[in-house]
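A.B. asks: Residue numbers (the numbering used here), protein chains in the order written: chain A, 1 to 245; chain B, 1 to 483.
I should point out that these hints are in silico values taken from the structure, not numbers from a laboratory.
Accuracy of the hints is not assured; some may be wrong.
Only part of the chain A face toward chain B is listed, based on derived beta-carbon distances under 10 Å [as the list claims (entries may be wrong)]:
| hint | residue |
| --- | --- |
| 1 | G16 |
| 2 | V34 |
| 3 | A65 |
| 4 | L68 |
| 5 | C176 |
| 6 | L221 |
| 7 | Y224 |
On a predicted model such as this, the values are computed, not experimentally measured, just so you know.
All residues carry an ideal CB built from backbone N, CA and C; glycine is no exception.
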Amino acid sequence: MAKQSPKVALFITCLGDQFFPQVGESVVRILRRVGATVTFNPAQTCCGQPAFNTGYREEAREVAARNLDLFDDADYVVAPSGSCSTMVRVFYPELFAEEPELLRKVERLRGRFYEFSEFLVKVMKAEDVGASFPHRVAYHDSCHLLRELGIETEPRKLIKAVKGLELVELQDNKLCCGFGGTFSVKFPEVSVAMAQDKLRAAADAGAEYLVANDSGCLMHLAGYIHREKLPIQTLHLAELLEKHE
Amino acid sequence: MSETGVHSSAIHERAHKAMADAHLQEAYRSSTLRLYSHRLQAIGQVPGFEPLRDRARELKREVMNHLDHYLAQFADNAERQGGKVHWARTGEEACDLVKEIVRSAGAQEVVKSKSMVGEEIELNHALEAAGIDAVETDLGELILQLSGERPAHIVAPAIHMTRHDVSALFVDKLHSERTEDPEQLTAIARKVLREMFAKAGVGLSGANFAVAETGSIVVIENEGNIRLCTTAPRVHIALVGIEKLIPRFADLGVFLRLLGRSGTGQKLTSYTSILTGPRRPGEDGPDEMHVILIDNGRIGTLADEKMREALYCIRCGACLNACPVYRKIGGHAYGWVYSGPIGALITPQFVGLGQARELPFASSLCGACREVCPVKINIPDLLLHLRSQTQERLPAAPQAGAAISERKSMRLWAWAMKRPWAFSLGGAFARFGVRWLPGSAGSGAQKWITKLPFFPFSNWTEGRDFPAPDPVPFRKRWEKLSR
């Protein structure tokens with residue numbers, strides 16, 4: 001754990017703010033538990049990915065540019081989403097490639113920008129945050145987190161440290177769940193079929209809970225689970241790390 | 001494009017049809033999984049597979065950045081070896097060249113081996129229209145020729161058919177005995193093909209690589225039919241897309257080690273033929289060797305600095321096998337010759353983005369394709385680039401059922417996202433509005449909406465429920481948390 005309490009700005013994400021605020025609350029409490037001082041700038045809205053993902057770069061730039069100045073006073077910025085973190089770290093440089101002044105700001109931001117599990121393990125050197133959850137849990141690697149940020153071991157370390165928990169790996173555990181941002185509504189049938197495969201793999205592994213670090217994927221999977229009344233539940237990693245059972 | 005051209009807007013209908021066909025789904029699922037896992041096993045046995053990929057990528061970059069130089073070098077060397085080099089700017093020009101060579105060879109029958117560029121330029125149609133008998137000699141391609149279909153996969157063109165389908169097709173078209181034994185089916189095809197090999201005056205092939213340093217073309221295969229096509233007839237024509245160039249003979253080792261393993265999980269395919277000019281006096285082989293170097297849109301891709309990377313592709317098909325979308329919708333859904341992630345990327349380059357505007361969106365951008373690509377093409381990034389070109393350069397696509405256009409809704413979205421008060425107000429409106437939407441309670445306090453209004457949101461609830469926004473958003477909860 002860092003000696004001085006690092007100042008961590010929370011990037012809640014638009015989905016996290018409007019749909020899953022309990023995830024944000026868990027993130028705040030866990031960050032505090034491992035010794036961080038958490039700030040929240042209410043001027044934030046969205047990383048801009050919905051527009052970027054659909055090809056509307058001008059709109060994405062307008063929304064993204066606002067974020068470049070919002071967290072200047074923080075040592076770190078942490079987001080409970082691999083995809084939004086990817087937007088900032090991987091796609092912002094591309095989005096602002098032609099604008100040297102903004103690109104400098106991007107560089108300043110992306111060096112301090114972390115996904116939640118990555119921040120806990122890499123920066124705060126925390127793995128066991130005191131949770132206990134005696135259940136069979138599977139972890140779903142969300143694609144941006146896995147392939148754009150290369151974060152694969154960190155969430156598993158955190159999950160394995162949860163007392164009583166049994167972590168099971170899914171068959172084809174790196175297969176996309178089918179969310180894909182606006183792909184989910186542009187190709188809904190394919191998107192849903194991919195969710196079906198993922199959840200079948202979870203059922204085959206006997207998982208009671210499916211954990212991931214991206215609210216987009218979780219919303220998609222939970223939406224299918226709820227529609228089909230499947231006997232499995234989704235959890236964001238931050239929610240899992242607050243369980244005491 | 002002709003009536004056989006790409007119709008990408010129909011991708012949704014074709015995908016729907018493919019997904020409703022359980023037989024087809026199983027064919028795709030089992031075959032892609034087999035190829036995918038064979039690849040994994042094969043690369044596991046190669047120490048330094050990663051540096052090999054980097055090296056291949058570097059070589060392809062070198063070639064694309066100096067393509068004029070390498071093309072000239074290849075042409076000089078191929079002619080020095082006694083070959084004849086032709087240049088085709090379009091597919092039509094390439095087809096005309098083939099017809100001319102066939103005519104001047106006095107040939108009536110042509111045997112073809114598998115060539116994706118041949119599919120791309122629709123050579124079979126052109127030959128048929130010219131009254132030339134062309135027979136596909138690759139088993140998969142023969143099956144497609146008989147069924148009148150396009151390849152469903154880059155390396156396994158008849159991947160969508162089971163042995164049962166092939167059996168029925170052979171009975172129908174070749175009037176053969178009914179059998180589902182793969183060996184007997186192959187024997188039936190072989191009998192038909194041997195007769196053609198004996199008659200054909202011209203053999204056509206593609207090329208996996210063209211070596212600038214030596215003027216050689218390199219073809220790999222498992223069936224042995226390419227070797228026959230390129231050596232038995234008196235004239236051999238090789239169709240070569242200009243992206244097939246590699247600099248030196250020594251570089252071939254890098255690509256051969258990658259291609260077999262990435263495509264089918266083989267260390268090497270059963271046959272690797274390196275063809276350098278026609279036969280020399282006293283040797284076997286064709287009297288004439290023609291190489292047709294084909295642009296057909298590639299120069300345009302080369303000129304686009306961002307998209308240039310798409311020309312690195314060595315057509316191994318690994319990205320198709322890895323792609324969860326391809327596995328579901330199948331090759332034909334993409335509407336043209338090339339399918340899967342690489343097809344979504346290069347089809348717009350060939351047929352125009354307007355004709356293929358849906359293709360860059362037919363991906364969840366999961367990146368599994370990039371992970372397996374032997375030359376590490378950043379496919380998701382290029383798809384994102386094409387998406388932006390679609391929105392910036394093309395007129396808005398008509399959207400049935402949309403209250404306002406996608407572009408207008410994105411403008412509105414951006415406007416609100418730049419204003420936290422508007423963002424919050426939007427959330428409040430949504431909270432208010434969902435009270436009247438059909439829904440059901442989930443675990444805890446979560447309400448799930450079973451039917452969303454307004455396209456494209458209504459698409460979400462076709463197969464999934466949608467969570468109602470939380471009554472108290474995080475920004476309101478923060479006050480309590482920060483105390």
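A.B. asks: Looking at the structure, which of the earlier hints fail to hold?
C.D. replies: Checked against the structure, the hints that fail are numbers 2 and 4, while the rest are satisfied.
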